[in-house]
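Novice: Sequence:
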Amino acid sequence: MSPASDHDALVERIRRDLQDGYDEELELEIEDRHVDEALRALDEGGSDGAHGERIAYFRQLFRLQRELVKLQDWVQHTRQKVVILFEGRDAAGKGGAIKRITQRLNPRVCRVVALPAPNDRERTQWYFQRYVPHLPAAGEIVLFDRSWYNRAGVERVMGFCSEADVEEFFRSVPEFERMLVRSGITLIKYWFSISDEEQHLRFLGRIHDPLKQWKLSPMDLESRRRWEDYTRAKEVMLERTHIPEAPWWVVAADDKKRARLNCIQHLLDHFPYHEVERAEVRLPDRERHDDYARQPVPPEMFVPERY
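Take 1 as the starting number for the sequence shown in full-length UniProt numbering and just add one per residue.
These are computed hints drawn from the structure, not numbers from a lab.
A portion of the hints provided could be inaccurate.
If you anchor each label on the Cβ, the simulated ranges turn out as follows [to be verified]:
(1) D120 <-> I243: 24 to 34 angstroms
(2) L115 <-> R171: 14 to 24 angstroms
(3) E235 <-> S172: 38 to 48 angstroms
(4) W249 <-> R171: 47 to 57 angstroms
(5) R226 <-> Q129: 43 to 53 angstroms
(6) R59 <-> D291: 32 to 42 angstroms
A virtual CB, placed ideally from N, CA and C, is assigned to each residue, including glycine.
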């Protein structure tokens with residue numbers, strides 16, 4: 001490609017990233033009862049191919065999120081225990097997929113675990129010990145935004161553990177996961193896969209967007225330099241931990257929106273869920289008493305109305 005073509009491609013990529021950010025805000029604002037109305041309004045905003053793809057994405061996303069609500073109710077009703085691991089390179093889109101899965105679910109039923117680096121005490125524990133307290137009880141779904149597979153990835157590549165530690169992890173993790181499955185946990189493992197070029201563009205987008213710069217840590221930047229080391233570590237990890245009881249599922253993630261939809265649909269396909277019948281909800285009349293009077297709030301306690 002010529003320099004001009006490269007520049008045009010980069011500008012188009014930045015435009016699409018900005019559009020994706022606007023779409024995310026729209027997703028957060030739309031309630032299910034307003035979906036059709038919102039989509040009609042969007043439909044009036046343009047007629048090109050990209051616009052049509054956005055509308056199709058929204059339609060599928062909202063449909064799948066309705067199904068996720070049904071899955072949540074079924075998990076709670078049947079007292080299932082579900083663990084979903086999200087792994088992949090930095091900027092692969094794990095967080096975006098997790099956000100769309102949990103967006104309309106009850107956080108008391110479906111929760112996200114994103115652990116920080118282990119402290120000095122945790123480094124002396126059995127490796128899996130700090131993950132165990134976060135496992136689900138009956139009727140719960142737990143999504144791990146990175147998991148015990150840190151040992152096979154970032155810890156190994158960055159030298160935070162020894163090769164003996166890594167080898168012990170590979171010996172232990174299949175049995176640990178079999179124990180989880182035997183205990184009644186459904187364990188699903190996703191690897192979000194992106195190309196070298198796509199990660200490069202996403203990092204550039206974060207560098208030049210003040211609202212996204214917090215997503216770039218020194219570790220992320222170092223991971224970019226060590227792309228090949230991470231590739232080798234990933235390949236060994238998938239080979240040695242892909243077991244029948246808990247296989248790996250690879251999500252093609254160069255297209256973020258397609259990756260989200262494909263991941264959610266695949267997740268739903270794991271379960272024989274059905275809509276759980278709910279008792280009809282009736283709002284009771286409020287009791288009123290003649291001797292009750294609402295006390296005024298002192299003006300100085302109010303938050304200033306600046307908007």
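Novice: With reference to the structure, classify each hint as holding or not holding.
Specialist: Hint-by-hint comparison with the structure:
About 32 angstroms separates the C-beta atoms of D120 and I243, a value consistent with the hinted range of 24 to 34 angstroms. At about 22 angstroms, the CB distance of L115 to R171 agrees with the hint of 14 to 24 angstroms. Distance hint for E235 and S172: a CB-CB separation of about 20 angstroms, inconsistent with the stated range 38 to 48 angstroms. For the pair W249 and R171, the beta carbons lie near 23 angstroms from each other, so the given range of 47 to 57 angstroms is not met.
The given range of 43 to 53 angstroms is broken by R226 and Q129, whose C-beta atoms sit roughly 28 angstroms from each other. The hinted window of 32 to 42 angstroms between R59 and D291 is violated, with their beta carbons roughly 54 angstroms apart.
Violated hints for the displayed structure, listed by number in ascending order: 3, 4, 5 and 6.
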